[in-house]
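Using the sequences and the hints given, assemble the complete structure.
2 protein chains.
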Amino acid sequence: MVRLAPIAASLPATVPFVGPETLERQAGRPFAARLGANENGFGPSPRAVAAMQAAVPDVWKYGDSLSFDLTRALAAHHGIRPGNIIVGEGIDGLLGLLVRLTVAPGDVVVTSDGAYPTFNFHVAGFGGVLDKVPYRNDAEDPQALLDRAHQTGAKLVYLANPDNPMGSWHDGAVIEAMLDLLPDGALLVLDEAYAEFAPASAIPDIAADDPRVIRMRTFSKAHGMAGARVGYAIGHPDLIAAFDRVRNHFGVNRISQIGALAALQDGDWLAQVLARVDAARQRIAGIAAENGMAALPSATNFVAVDTGRDGAFARHLVDALAAQGVFIRMPGVAPLNRCIRISCAPDPELDILAQVLPQVMSTL
Amino acid sequence: MVRLAPIAASLPATVPFVGPETLERQAGRPFAARLGANENGFGPSPRAVAAMQAAVPDVWKYGDSLSFDLTRALAAHHGIRPGNIIVGEGIDGLLGLLVRLTVAPGDVVVTSDGAYPTFNFHVAGFGGVLDKVPYRNDAEDPQALLDRAHQTGAKLVYLANPDNPMGSWHDGAVIEAMLDLLPDGALLVLDEAYAEFAPASAIPDIAADDPRVIRMRTFSKAHGMAGARVGYAIGHPDLIAAFDRVRNHFGVNRISQIGALAALQDGDWLAQVLARVDAARQRIAGIAAENGMAALPSATNFVAVDTGRDGAFARHLVDALAAQGVFIRMPGVAPLNRCIRISCAPDPELDILAQVLPQVMSTL
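So the sequences go chain by chain: S and F. Each residue of the first sequence is one higher than the one before, counting from 1 in my numbering. Each residue of the second sequence is one higher than the one before, counting from 1 in my numbering.
Everything labelled a hint here was simulated from the structure, so no lab data went into it. For every residue, glycine included, the Cβ atom is placed at its ideal position computed from N, Cα and C. Incorrect hints may appear among the rest.
To be verified - Chain S side only, calculated, beta carbon under 10 angstroms to chain F, not exhaustive:
(1) Pro46
(2) Val56
(3) Val103
(4) Leu296
(5) Arg309
(6) Gln355
In structure tokens:
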């Protein structure tokens with residue numbers, strides 16, 4: 001048989017996430033409400049839709065290997081230089097490349113216990129050693145992350161702000177202060193996938209050339225283009241340039257580049273989506289309250305709902321909702337796993353949630 | 001500054017290919033004829049175009065992490081089981097994953113000097129040691145590859161059949177015979193990106209469960225969907241399953257999965273494309289002959305044209321054509337680099353080639 005390399009041979013066969021289509025096939029029918037993957041059912045900008053549809057016949061061409069037009073537009077949008085930006089196949093893809101660039105086998109990476117599993121998948125996948133600190137008050141704990149980074153000599157420190165799966169957030173000033181307290185040579189991986197949904201005060205003011213941090217952004221969430229696989233990282237030009245050493249140079253879909261550019265230019269649509277997401281957050285909180293549960297504050301397009309019980313109860317609830325056609329997810333570790341996580345969505349899907357949840361609760 | 005991991009720190013900043021859009025930006029104007037990247041200007045199936053356009057509004061959903069429908073259809077198409085197939089972000093992406101799975105730092109990988117640079121990029125990128133054998137009669141040399149694999153204890157042996165950049169091919173029986181002569185534990189990486197353009201006799205009859213080989217196929221070439229980033233590998237189920245340990249599970253674009261499925265189901269369109277490609281090969285050979293050059297036989301959607309001179313002449317020719325708006329490429333090493341490589345394309349683009357080439361030749 002094929003001889004796998006030692007790291008690959010040591011990896012488990014488990015995968016970070018089971019997708020909703022997989023669950024639908026297992027159940028033998030589609031979900032009526034798709035509220036589990038923090039997708040944005042309000043959809044992409046109509047201008048992005050039109051641009052992508054118009055781009056389809058030209059898909060015989062490879063995409064631009066530099067994502068030049070999109071990178072320039074992003075630089076203008078953020079008021080930084082193109083050399084501070086690398087576009088890639090979603091934050092998932094970029095996190096993998098970043099870990100590959102920085103983590104040698106045995107290197108320590110610090111994150112929070114219950115934070116983004118796909119990041120952990122990449123760290124393990126390159127032989128890194130994960131060191132996890134607990135959440136504090138349902139939020140990632142900057143001081144604990146810093147303390148552990150100093151204790152371990154961590155290469156990377158991962159923090160999502162706002163956080164997934166809890167929807168909590170820190171003030172941007174807290175993130176800025178973290179940078180001065182990082183150990184020398186450690187890099188803060190600031191996952192800002194949900195930044196557009198957060199209050200402006202949650203976004204730190206960090207120079208794009210700051211070598212202590214790399215920020216991750218995406219078109220999968222606020223821009224409603226998860227299936228298009230476009231994300232980008234902002235960082236020091238030397239670190240950004242290093243991605244060229246390892247990335248799949250023609251890997252970003254041609255149609256997606258064009259769609260992302262159009263989405264970026266449609267600020268009116270984004271503003272509408274953000275308003276709808278905010279309304280959906282409030283509606284989900286109301287549905288939770290009607291069922292005796294408490295929504296946690298959210299700066300994202302999902303709401304963590306505290307069941308007031310434990311992880312076993314939340315798991316029963318998730319499974320029972322799935323059996324009734326409602327797809328949600330839940331945090332993976334205690335004490336976060338007393339919660340369920342419900343993605344914002346248009347009213348027809350939340351109507352289904354509102355109808356099904358009381359029935360399910362009455363059976364548990 | 002950020003401490004790169006040792007392998008990443010050792011890698012050069014060079015990239016495998018400069019894309020046509022980059023060249024266009026350098027020149028300040030678009031190419032009139034895009035004949036350099038072995039794209040398929042006859043385009044995707046109209047059914048695939050329609051399916052992708054219809055899929056655009058739903059791009060807010062992540063793609064199916066298992067590419068389930070496409071994988072099942074591919075299995076039926078090839079008469080094998082879904083467990084023999086992994087769908088990924090083009091052959092480029094799958095080659096990277098394969099190298100990561102199998103090549104530890106210092107492991108030897110055997111390929112041909114002048115064969116696919118992106119494969120070499122991945123091998124170097126994971127710390128593998130490339131050992132190259134020369135082409136023989138403008139074709140990859142199976143016996144030399146086998147001999148070197150035995151001498152070095154190679155983990156991987158790369159062979160493209162048909163070959164890129166020369167367009168040459170071996171009979172399928174030659175590939176089949178190679179398997180019996182591989183060293184124990186070596187894996188043949190059989191890149192069949194151009195298989196659909198080749199005579200049926202060039203396709204080896206290999207059991208999908210054979211653990212000695214992994215075959216790579218793509219929707220980028222015959223199916224005209226290079227910008228969509230969909231390829232697949234066929235191999236032993238244990239090796240195919242190992243991709244799950246390292247791949248970006250939600251990395252395959254949702255629209256692309258749907259488009260590839262539609263393309264696969266449109267055999268009539270594929271047959272038309274293959275006929276047009278064959279006509280274009282003949283026309284390119286005629287244009288070459290009119291200009292005192294000899295087209296090599298091709299089993300691909302491009303034609304290597306022997307200039308009868310050396311690499312410096314071919315480079316001048318490529319550059320002079322680019323200056324006149326005609327994008328082609330050329331092999332990177334001697335003696336292959338006495339040739340230029342011209343991709344098949346619809347007549348309007350070949351008209352431009354036919355018009356510009358004599359002008360350029362007269363100036364050299």
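Interface hint for Pro46(S), Cβ within 10 angstroms of any Cβ on chain F: This hint holds: Pro46(S) lies near chain F, its Cβ roughly 9 angstroms from the closest one there, short of 10 angstroms.
Gln355(S) as chain F interface residue, shortest Cβ-Cβ below 10 angstroms: violated (22 angstroms)
Interface hint outcome for Val103(S) [beta carbon to chain F under 10 angstroms]: holds (6 angstroms)
Interface hint outcome for Leu296(S) [beta carbon to chain F under 10 angstroms]: The hint is violated - Leu296(S) has no Cβ within 10 angstroms of chain F, the shortest such distance being about 24 angstroms.
Restraint satisfaction for Arg309(S) [CB to CB of chain F, less than 10 angstroms]: Hint violated; Arg309(S) Cβ to chain F Cβ min 29 angstroms, cut 10 angstroms.
Chain F contact restraint for Val56(S) - C-beta distance below 10 angstroms: Holds - the Cβ of Val56(S) comes within 10 angstroms of chain F, reaching about 5 angstroms at its closest.
In summary, the numbered hints that this structure violates are 4, 5 and 6.
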